[in-house]
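**Student:** This is what each chain is made of:
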Amino acid sequence: MTRTIEYRDALNEAMSEEMRRDERVFLLGEEVAEYDGAYKVSRGMLQEFGPKRVVDTPISESGFSGMAIGAAMLGLRPIVEFMSWSFSLVAADPILNNAPKMLYMSGGQFGCPIVIRGNDGAGGQLGSTHSWCVEGLYANVPGMKMVIPAFPADAKGLLKSAIRDDDPVFFLESERLLAYKDEVPEEEYLIPIGKALVRRPGTDCTLVSFGRPVHFCLEAAEELAREGISCEVIDGRTIRPLDIDTIVQSVKKTNYCVVVDQSWPFASPGAEIAAQVHAACFDDLDNAVGRVHSADVPTPYASELEQEYLPNARRICEAVRATTYNA
Amino acid sequence: MPITKVLEAQIDHVSILDEHGNFDESLGKGLIPDEDLIKLYGHMVICRLLDEVAFKLQRSGRMGTYPQNMGQEAPSLGAAYALETTDWMVTCYRENCGLFWRGLPMEKILQHWMGDERGNDIPRELHATPIAVPIGTQMLHATGLAWAAKYRGEKRVACTFFGDGATSEGDFHEAMNFAANLDIPVVFFCQNNQWAISVPGKIQCSAPTVAQRGFAYGMDCLRCDGNDIFAVVHCMNKAIASGRDNKRPTFIEAVTYRLGDHTTADDARRYRDAEEVELWKARDPITRIKAFMKSRKIWDDSKQAELEEHADEAVSAAVKRAEGIEAPNKEDFFNWMYAELPEQLVVQRDTMRTSSIGQDPSQIESPQASQQS
Chain A
1 MTRTIEYRDA LNEAMSEEMR RDERVFLLGE EVAEYDGAYK VSRGMLQEFG PKRVVDTPIS
61 ESGFSGMAIG AAMLGLRPIV EFMSWSFSLV AADPILNNAP KMLYMSGGQF GCPIVIRGND
121 GAGGQLGSTH SWCVEGLYAN VPGMKMVIPA FPADAKGLLK SAIRDDDPVF FLESERLLAY
181 KDEVPEEEYL IPIGKALVRR PGTDCTLVSF GRPVHFCLEA AEELAREGIS CEVIDGRTIR
241 PLDIDTIVQS VKKTNYCVVV DQSWPFASPG AEIAAQVHAA CFDDLDNAVG RVHSADVPTP
301 YASELEQEYL PNARRICEAV RATTYNA
Chain B
1001 MPITKVLEAQ IDHVSILDEH GNFDESLGKG LIPDEDLIKL YGHMVICRLL DEVAFKLQRS
1061 GRMGTYPQNM GQEAPSLGAA YALETTDWMV TCYRENCGLF WRGLPMEKIL QHWMGDERGN
1121 DIPRELHATP IAVPIGTQML HATGLAWAAK YRGEKRVACT FFGDGATSEG DFHEAMNFAA
1181 NLDIPVVFFC QNNQWAISVP GKIQCSAPTV AQRGFAYGMD CLRCDGNDIF AVVHCMNKAI
1241 ASGRDNKRPT FIEAVTYRLG DHTTADDARR YRDAEEVELW KARDPITRIK AFMKSRKIWD
1301 DSKQAELEEH ADEAVSAAVK RAEGIEAPNK EDFFNWMYAE LPEQLVVQRD TMRTSSIGQD
1361 PSQIESPQAS QQS
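Protein chains in written order, with the numbering used here: chain A, 1 to 327; chain B, 1001 to 1373.
These aren't lab readings, by the way, just hints derived from the structure by calculation. Be careful, since some hints might not be right.
As the list claims (entries may be wrong) - Below 25 Å or equal to it, Euclidean Cα-Cα: the simulated SDA-like pairs (lysine to any residue) are: (1) K195/A - E1343/B; (2) K160/A - R1152/B; (3) K1247/B - I59/A; (4) K101/A - P1134/B; (5) K52/A - T1086/B; (6) K101/A - E1125/B; (7) K101/A - A1327/B; (8) K1155/B - G1218/B; (9) K52/A - S1242/B; (10) K101/A - P1105/B; (11) K101/A - M1114/B; (12) K252/A - V1347/B; (13) K195/A - Q1348/B; (14) K252/A - Y325/A; (15) K1303/B - E1035/B; (16) K1303/B - T1086/B; (17) K195/A - N1335/B; (18) K1056/B - V1347/B; (19) K101/A - E1326/B; (20) K1247/B - Y325/A; (21) K195/A - Q1344/B; (22) K101/A - D1220/B; (23) K1039/B - D1018/B; (24) K101/A - E1313/B; (25) K52/A - I1240/B; (26) K1247/B - S303/A; (27) K52/A - V1347/B; (28) K52/A - R1248/B; (29) K181/A - S303/A; (30) K52/A - Y1217/B; (31) K101/A - G123/A; (32) K195/A - I1240/B; (33) K52/A - D1220/B.
Chain A on its own, in the form it takes in the complex (with noise of 0.2 Å):
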């Protein structure tokens, strides 16, 4: 069975469900507890598990991820919510340079099963500042797992196995999908970190995207398909680890692939995956692998400048009829 809920609310039964089965699990960050989260994805946890558990903290992000990194070694389970992963910057050290490590250094010692959650990527107008897709400067990191799921049910069973993941987990939102509503099913599940799904069969050519920018590779493959292209899009959930598999099998059939990136493009996820696939599939492949950013600015303030700023159906439909030369 399944009901229709919106991604915040697939957010907040996640952390609910598991923290009803696990005392150990807390969730902590700015306004996280009176105030329901800033974007309200903590709605009523403060009633149902009181101040201990649901930790309103001062604006310091450094220090309450350097302290959930201290909680987690003596095997809490902390949840820290960062309004925006934007706000992540300031925590660089405690997030990149301690938690990934943290089992490393210790020589097994210290594991760090804290998951580290917030909007990633421009919400709308919030200015370069604010608008940080995180992906492609964190990938780059290992010890950590990089989550990023594009719908409400993969929101909810990812979540959860981040929760119970005995690594540390970076899990990228999207403000902009948090009203987005789709079928959860009702019954408890999980989602497994580093699985790939195929979201649309196709046999031309295979997209391949990651969180918010798979709505819009659904939605350029609805129209590239009017025009006889038929797209396999591949919703990649999981950036570290990379489920390079289910592409590369994908590859094989269709002969083409364009990878689509709301990173910018030097060093990025994207480039990673093109590497891989033409390692894998250099005999497969009709052409060179194109790739979908975002353009390499800050992002834009003005809205008609981050539209096009960002990765779009319309600049998706391009690069896939250049890459199978339909253009």
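The hints should help you fit chain B onto chain A, whose structure is shown.
**Tutor:** Frame of chain A; chain B shown alone:
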């Protein structure tokens, strides 16, 4: 009255056994039993010798960069003595003496600075975290550990150590703010050794004491002669009681001095006066205890000779053990990356090549085969 006083602050500086041998009976009597004082003294002597030997090991190419602890034995030792072994010690790199008191084998410290990650694999029952070399990051971890202990209903405190330089870091202020506002039982233990590499204390803090930084966060602040182990224990006892009973953090400034260089990569003679160093040599934490014990007739030259012999043996044995540890296997650097190693890292480990990423492992030639071709 339009202007009223809203805050009056006072910082107490605690000194019990000073460098001239003056002992405050009212504070010091019964604080450290004689038999414990003898053990503490022995630890300091061994720790000082290890420090000197480590310096020589580095100079002779047998060890990497090493931060000497010389002159700063009393602060961490006094703290470790006052803490229960179930309390957390969250240290940086000038707390060797306290860690040894806790039970850390000396070869672990040597192994670490010889450039072996496994030196940081501290036995679990010691409740000490890996040595934090970045400045200040460990204070947040201590706050989190103490938070977790409180969350689980345990009466443990966390004591975190850092230098005067670290009080300029954002993490220091964020950790202090958290602990004070959320009632987290942390002892913030500042070893004010006057120098952050070549930067003098006045550039870190223009206030007359570092201790008063704690006032801004609404926590109790204490200051003591860090080279006086009695004073350190006195302050620690207060801080621990406040943490255990009331979940309140305390800030302790232990005024001490780095007699050596910052690390073996530094030469402090280039930036500080010899007279200053001489002044602090006279305030050495070890010699004053020795004189005190002699005056109390619980120590003599024959006991000293026996101790020195034992120290020589203990340090030589530790060096031998450290140098006898076999080098790690190169495959080992994939250990402890994740609770379970992801498939792509398994491929990297098995092939020892990053070029294998994205390729079918069955088609990759082995590194040996490629060398032959």
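**Student:** Can you give the numbers of the hints that this structure goes against, from lowest to highest?
**Tutor:** Hints 16, 18, 20, 22, 24, 26, 27, 31 and 32 are the ones this structure does not satisfy, whereas the remaining hints hold.
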